[in-house]
Structure formats: structure tokens, C-alpha cells
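Engineer: One letter stands for each residue in the lines below.
Number of protein chains: 2
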Amino acid sequence: MQAGKTTIAIIGGTGALGAGLARHLARAGHAIVIGSRSAEKADAAARALAVSGGTVKPRGAGNADAAKAAEIVFVTVPWANHAAILDEIAPHVAGKLVVDTTVPLVPPRVARVQMPPEGSAALTAQKRLGTGVRVVSAFHNVAAHKLQKDEAIDCDVLIFGDDPKDREAVLELAKAAGLRGIHAGPLANSVAGEALTSVLIGINRTYKVDGAGIRITAIATT
Amino acid sequence: MQAGKTTIAIIGGTGALGAGLARHLARAGHAIVIGSRSAEKADAAARALAVSGGTVKPRGAGNADAAKAAEIVFVTVPWANHAAILDEIAPHVAGKLVVDTTVPLVPPRVARVQMPPEGSAALTAQKRLGTGVRVVSAFHNVAAHKLQKDEAIDCDVLIFGDDPKDREAVLELAKAAGLRGIHAGPLANSVAGEALTSVLIGINRTYKVDGAGIRITAIATT
Numbered sequence: 000m001q002a003g004k005t006t007i008a009i010i011g012g013t014g015a016l017g018a019g020l021a022r023h024l025a026r027a028g029h030a031i032v033i034g035s036r037s038a039e040k041a042d043a044a045a046r047a048l049a050v051s052g053g054t055v056k057p058r059g060a061g062n063a064d065a066a067k068a069a070e071i072v073f074v075t076v077p078w079a080n081h082a083a084i085l086d087e088i089a090p091h092v093a094g095k096l097v098v099d100t101t102v103p104l105v106p107p108r109v110a111r112v113q114m115p116p117e118g119s120a121a122l123t124a125q126k127r128l129g130t131g132v133r134v135v136s137a138f139h140n141v142a143a144h145k146l147q148k149d150e151a152i153d154c155d156v157l158i159f160g161d162d163p164k165d166r167e168a169v170l171e172l173a174k175a176a177g178l179r180g181i182h183a184g185p186l187a188n189s190v191a192g193e194a195l196t197s198v199l200i201g202i203n204r205t206y207k208v209d210g211a212g213i214r215i216t217a218i219a220t221t
Numbered sequence: 000m001q002a003g004k005t006t007i008a009i010i011g012g013t014g015a016l017g018a019g020l021a022r023h024l025a026r027a028g029h030a031i032v033i034g035s036r037s038a039e040k041a042d043a044a045a046r047a048l049a050v051s052g053g054t055v056k057p058r059g060a061g062n063a064d065a066a067k068a069a070e071i072v073f074v075t076v077p078w079a080n081h082a083a084i085l086d087e088i089a090p091h092v093a094g095k096l097v098v099d100t101t102v103p104l105v106p107p108r109v110a111r112v113q114m115p116p117e118g119s120a121a122l123t124a125q126k127r128l129g130t131g132v133r134v135v136s137a138f139h140n141v142a143a144h145k146l147q148k149d150e151a152i153d154c155d156v157l158i159f160g161d162d163p164k165d166r167e168a169v170l171e172l173a174k175a176a177g178l179r180g181i182h183a184g185p186l187a188n189s190v191a192g193e194a195l196t197s198v199l200i201g202i203n204r205t206y207k208v209d210g211a212g213i214r215i216t217a218i219a220t221t
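Residue numbers (numbering that gives the first Met the number 0), protein chains in the order written: chain A, 0 to 221; chain B, 0 to 221.
Read the hints as simulated data drawn from the structure, not as lab findings.
Among these hints, one or two may not hold up.
Which copy? The list can't say, so a pair holds if one copy fits it or any two copies do.
Straight-line alpha carbon distances no greater than 30 Å define the calculated DSS-like cross-link-like pairs of lysine-lysine that follow [said to hold, decoys possible]:
1) Lys207 <-> Lys67
2) Lys207 <-> Lys164
3) Lys56 <-> Lys126
4) Lys148 <-> Lys174
5) Lys207 <-> Lys40
6) Lys40 <-> Lys164
Just chain A, with the same shape it has in the complex (with noise of 0.2 Å):
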């Protein structure tokens, strides 16, 4: 994958984290198309993007015409609509690889691990859009307020997968965006990198800091 050459949608790209990593990527050189359950607002995120730079003018779309358009999908919505989402954009991502990089987390309780039965949202993924679809999932311990401003990101991008081709294009994606990618297996270890999520915002809390996150040691990488 030759960098500046993809076409990335990013379902969810109207929320924090979202609307961060299409920040980061449009930047980097590559097409991305906001998705959104409403295409206006999604048309909006993609205009408020545009401003930050990059080759490509971003645009919105709704979720299943953004999945369509992109090789590369991105899912970065909220858990309560993650299975919905899933099913709007299962025609359309056959084949695709689709970076998921939903946390479960269950309000009002977020700094409590609660996995799903399948035993991860990555898993959950997998199975509803089926085994055709390459599913990766990363990004889950990102401080999404940090991605938007472009403060320096103090965190390793645990990237999971059961290809290591799937897992390598997105380590060059999680470096684009500034960030340094770890292969960390197949996606059934995706429950390490989505329960970390809700450690880290309990350190934050009993911490009193703004942003905790992780760093693998021992390995010299970039």
C-alpha cells in the first residue's frame, strides 16, 4: 500500500476519535470520506477537516455510500451503536480491510472491563460482517482529545489481526498519524488493547491526569 494512494471512509468520523484519525490521514495524503448516519453532518466534519490540510479534499457520506467509496474502513463509533453500524455497512466492506477501533465501553461504568459475550468488540466484529471481511482492530488507548489538537501522543497503537500484511498496512497508517504501531497478534487478543481502555481512564481518574496511556519496552521501533 503506497501511502497518499488510499481512499480511507471513516465511520463514526463525525466523534473525537474519529474525526482525529481523519484529521492525521487526511494530512498524510489520503482521501478520506467521513461516514455518518446523516451525511450533512458527516458533509460538515468532512468541510471542519478540510481546513487542516492534506492533497485531497475530504467529504461526507452516510455509513453504508462511505464504506462503499473507501478501500480501507474505519469503524470509530460509540459501543451502544456498534452492531447496528456493523449491519449498515456489511454489504459494502467485502473483501475490505476494516480497522474497528471500538472499545465496549458500558456507561455509566466505564473505568469497569465489561467484554461482550463474544469476548471482545474485535470478535464481535468479525462475526457479524463475516469471514470475508479483514478485520484489524487498534487505536483503542489513544486519547482522542489529543489526536484532534495534535498534542504530542505519550502511546504505543496495539494493532490486531489475524494477516500480518492487514496488521502492517495498518502500523503504516498508525505512523502517518504520528504514532508508533505494535503487531500484537491475532484479533483474539484485541481483549488486552479494549480492556486496557477502561484501566486507563481509571488511572486517569485515580491519578488525576489527562491522558494516560501505554508503551511496550524492549522493543526498538518506530
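Let chain A serve as the given structure and place chain B on it in line with the hints.
Structural biologist: Same frame as chain A, now just chain B:
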């Protein structure tokens, strides 16, 4: 809890992690009782430990006797023996602090997260021991061979437990062993630490390193 005044049983103290923890905790002045299914093996491990320093001579015992003698009971056993050993110590740990370090690794695929139906080893332990036992889980991600050899360990210790006071007691023990402990929330969050172990085993293989660990960023504590 005053350092140097606690009797600590290390169930499975003949294994790599147990022996490493015992070594550091003995040196910090705690009275160590190594527990093993074989009291003879436990004795031998305690004698080996004695040469590493400490003011109170470590001793060995069968698992049940070790648990009976201690105020704090570490469980450092392979997943395959976890249930049986918990049942063995259960009659002797009512009201005590049990620190479970067990990761539910299922050979041969130890780099793949495979959680039990209860959600984690820690939740399995709490269920098995009953609510009258104060279960905390920790030390999942520390490289046992480094702990045994007094190598510097670039890894935080995530500490899970429902009572902050119990977590704090384990945090002090981690500090005594030269490690930074982190309050990581309720026992339900233990899946994050346990799953990370499989992720780190995979990272060691993928990146050809020895003893990858994790650090929590953005918090200033020692």
C-alpha cells in the same frame, strides 16, 4: 502494613515467578514461606533463597501449611494447576489477602489470549475462594527470569482488586521488589493484565526481544 513485618506465603514458589518474587520480598525483610505440593521441594527452594539475603530465614512447606502460616498468600502457579491449588489453600485463607499472579495460558498457543468463561484467572480465583477472601491480582507482565537475576525490569505492575487498601498493600510489596505498581481498578479489570501477557509473549517473538514489558505513561509516581 509495615514492611518487614509480614509473613508471606508464595504458593508455587518453586517456579520462576514465585522464586523471583520470594527472593525480592525476603531481601526486603519479609518472612517467606515457600509453598509447594512437595514440602521437600519447598524446603530446597527456601534453602536456595536463604543465600540471597534477608533478615528472616525463609522456610518451605506444603501448600496448605504455607497458606495457613501466612498473612498474605501469593499464588504463582501454572494455569493448569490453578483450580486444584486454590481448592487446596481455600480452607486456610479466609479473610486474608490472596495475590493471584496466574495468567490463563493454554499451551501450545500461549501468545493467543484464551480467557476462561469467568472472564479471567482472577475472577475464577475469587469465585473459587469465595467473597470472604480478599483477592488481588498483579505481576502478570513481569519477566520471571529477570526477577530471578536481579536485572533491571522496565515494566510496571498493574494491580487489580476491589479494595483500594488491598491494592495499596500489594503496591508496597511491588515497590519492595523494585517495581512500580499501578492502581488498575477492580478485579474485573484483571483481564487487561492477563491478556497483555499473551500479547507480550507474541511481541517477544515478533520483534525478537527478551522480556518486552509495559509502562503506563503520563503518571508521575515511583
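Engineer: Honestly, which of those hints from before does the structure not fit?
Structural biologist: 1, 3, 5 and 6
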